[in-house]
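J.: Below are the chains, spelled out letter by letter.
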Amino acid sequence: MRDLLDPPIQTLARAGARDLGRAAVVTAMGFALYGFTVGFWRSPVMGLYVAVKMPLLIACTLGCNGLLNGMLGLLLGSDLGFRQSLQALLSAFAISALVLGSIAPVTFFLALNAPPPDSPQATTAHAGYLLSHTTLIAIAGCIGLLRLRRLLEQHCRTRRIALATLGAWIAGNAFIGAQFSWILRPFFGSPRLEVAFLRDHPMRGSFYEAVWASLNRLLFDSVPGLPGFLVLLLILGGLFYWMHLRLNQPRHTRP
Amino acid sequence: MTHTNDPTPPPVPAPEPTPQPEPRLEPLPDRIDIRNLFEALLRRPADLAGHPSIDTPATLGRLAIMAFVAILVFGFVLGTFAYHEQLWAAPLKLGVGLIFAGLICFPSFYIFSCLAGSTASAGRLASLLGATLALAGLLLLGFAPAVWIFTQGTSSFGFMGTLSIGSWLVALGFAFRFATTALKVQGARQRGPIAIWCVIFLLVTLQLTTSLRPILGRSDRLLTDEKKFFLQHWSETAGKSLTECRETPGDE
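Top to bottom, those sequences are chains A and B. For the first sequence, the numbering used here gives the first residue as 1, with consecutive numbering after it. For the second sequence, the numbering used here gives the first residue as 256, with consecutive numbering after it.
If we strip away everything but chain A, and leave its shape as in the complex, we get (with noise of 0.2 Å):
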């Protein structure tokens, strides 16, 4: 268990199978049991189907992103081959998933104590509901980064190989897995719809035009040209973010 939460750079170098299995299982069973929770306060067979989903989430993003996780990691210079690029990743996953499944009798006692969905405060419940897995959730997968971070700086030549490793490991899987959690909706089930295990057409639409879209209803409905604007003062603040760290490098002067 300890070798889970703080893995060993051993680990890492010999990203065997064995060490690829316990870390898959411990990331299977951790995420079902707090998925379990998740969906209980909707309905106990709800629960069952996001103990089913949540490690599938972990496994599509992780096998969809495999190819494009390894390559990245031998691109950047951290010397990860693809096994050791899904040992690294699995091993933080591994780390958010016993911290999930830690807290997971205090989010079922949550879910016991939430006025019910089909009482009269289920919107307000179910709002609070979101809120607080929503931070939950992020509070684990910091922790497995941080944990992925420190594995990564250990492993690799510089610090800056491997926050550029990190960087893009966590752009990519981020990217896709936002979709992923699109095409297995619902996770917490508004009391409003039909408790099921997908939404019908799951495949249809993407997690990024419907933020867009709720973005443009929410605020630029009356000013028509904002969304672009504000896209391209994005850009803009990316370029002299990217400008500002490259000269703020220190430069190698040749002897």
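These are computed hints drawn from the structure, not numbers from a lab. One or more hints might be untrue.
The calculated SDA-like cross-link candidates involving lysine to any residue, where the alpha carbons are at most 25 Å apart (straight line), are [stated by the list, open to error]:
#1 K439/B x G205/A
#2 K495/B x R204/A
#3 K495/B x L232/A
#4 K439/B x G372/B
#5 K495/B x F207/A
#6 K495/B x M203/A
#7 K483/B x L467/B
#8 K439/B x A174/A
#9 K495/B x G205/A
#10 K495/B x F187/A
#11 K495/B x E209/A
#12 K495/B x L215/A
#13 K439/B x G428/B
#14 K439/B x A319/B
#15 K495/B x N216/A
Derived DEER-like restraints, expressed as beta-carbon distance ranges [claimed, not checked]:
#16 H339/B x E153/A: 46 to 52 Å
#17 H339/B x V25/A: 39 to 45 Å
#18 D475/B x R150/A: 54 to 60 Å
#19 Q10/A x F355/B: 46 to 52 Å
Positions of the beta carbon are idealized from the N, C-alpha and C atoms, including for glycine.
We have chain A already, so just place chain B on it with the hints.
T.: Coordinates of chain B only, in the frame set by chain A:
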């Protein structure tokens, strides 16, 4: 000079962690097969660029096959956005487009690499360009599963276009890094000419997305003879969706 009497010693800066040395790897074999090429492209670009057999026709052929097959697969994935004739048209256009871009940019690659100080022969540079495109293709293969997920979900040209171009830019970024490293191994000392060539190649490939249109959407013609600059085409189609395109064939 009050600071000389200050009893508190100045803070000692924390020592910078010493970078670990690069791991010693076995030299690449004399005959580089596809598997070795794959590993060398990702892990050891400098070794590959300096390898004695990089300029042989066999190696160039293998690199070209890698690039072509990878782009065909990525094209097929893009073709699943609209299905029908795009399942074969999109990979064909991307494959032909990549070869075309490589061919028309090769003379400038030679000239700009010479300007940068490289002493590589034309044959070696052809292989390096092949390796650059092969690396970009491999990265696109890595993006392909993720892109496929989105082709099945969205019908927006703006979204799919951004995703495809974004994937291409990331892949090309790493490919250009490889080309820069490879040319340095060949004696290049200046970055400027290489950077200019990279911009030229990028613009050519971006224009090809418009010249070879439709790549994402459907049309009753395989190619269009209407001339447009890529920025104009993108701005015109960004807000459209696949369903609109079906209603007005030939529009996208």
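J.: Please go over all the hints and tell whether each is borne out by the structure.
T.: Hints, one by one, checked against the model:
1. K439/B x G205/A: 46 Å, violated
2. K495/B x R204/A: Distance of about 17 Å is within 25 Å: holds.
3. K495/B x L232/A: Holds, at about 20 Å.
4. K439/B x G372/B: 9 Å, holds
5. K495/B x F207/A: 18 Å, holds
6. K495/B x M203/A: 20 Å, holds
7. K483/B x L467/B: 11 Å, holds
8. K439/B x A174/A: 35 Å, violated
9. K495/B x G205/A: 15 Å, holds
10. K495/B x F187/A: 31 Å, violated
11. K495/B x E209/A: 13 Å, holds
12. K495/B x L215/A: Distance of about 19 Å is within 25 Å: holds.
13. K439/B x G428/B: 17 Å, holds
14. K439/B x A319/B: Given pair K439/B, A319/B holds - Cα atoms ~22 Å apart, limit 25 Å.
15. K495/B x N216/A: Roughly 17 Å between the alpha carbons, so the hint for K495/B and N216/A holds.
16. H339/B x E153/A: 46 to 52 Å: 50 Å, holds
17. H339/B x V25/A: 39 to 45 Å: The hint (39 to 45 Å, Cβ to Cβ) holds, given that H339/B and V25/A are roughly 44 Å apart.
18. D475/B x R150/A: 54 to 60 Å: Holds, at about 58 Å.
19. Q10/A x F355/B: 46 to 52 Å: Because 49 Å falls inside the window, the suggested range holds.
In summary, the structure is inconsistent with hints 1, 8 and 10 from the numbered list given earlier, while agreeing with the others.
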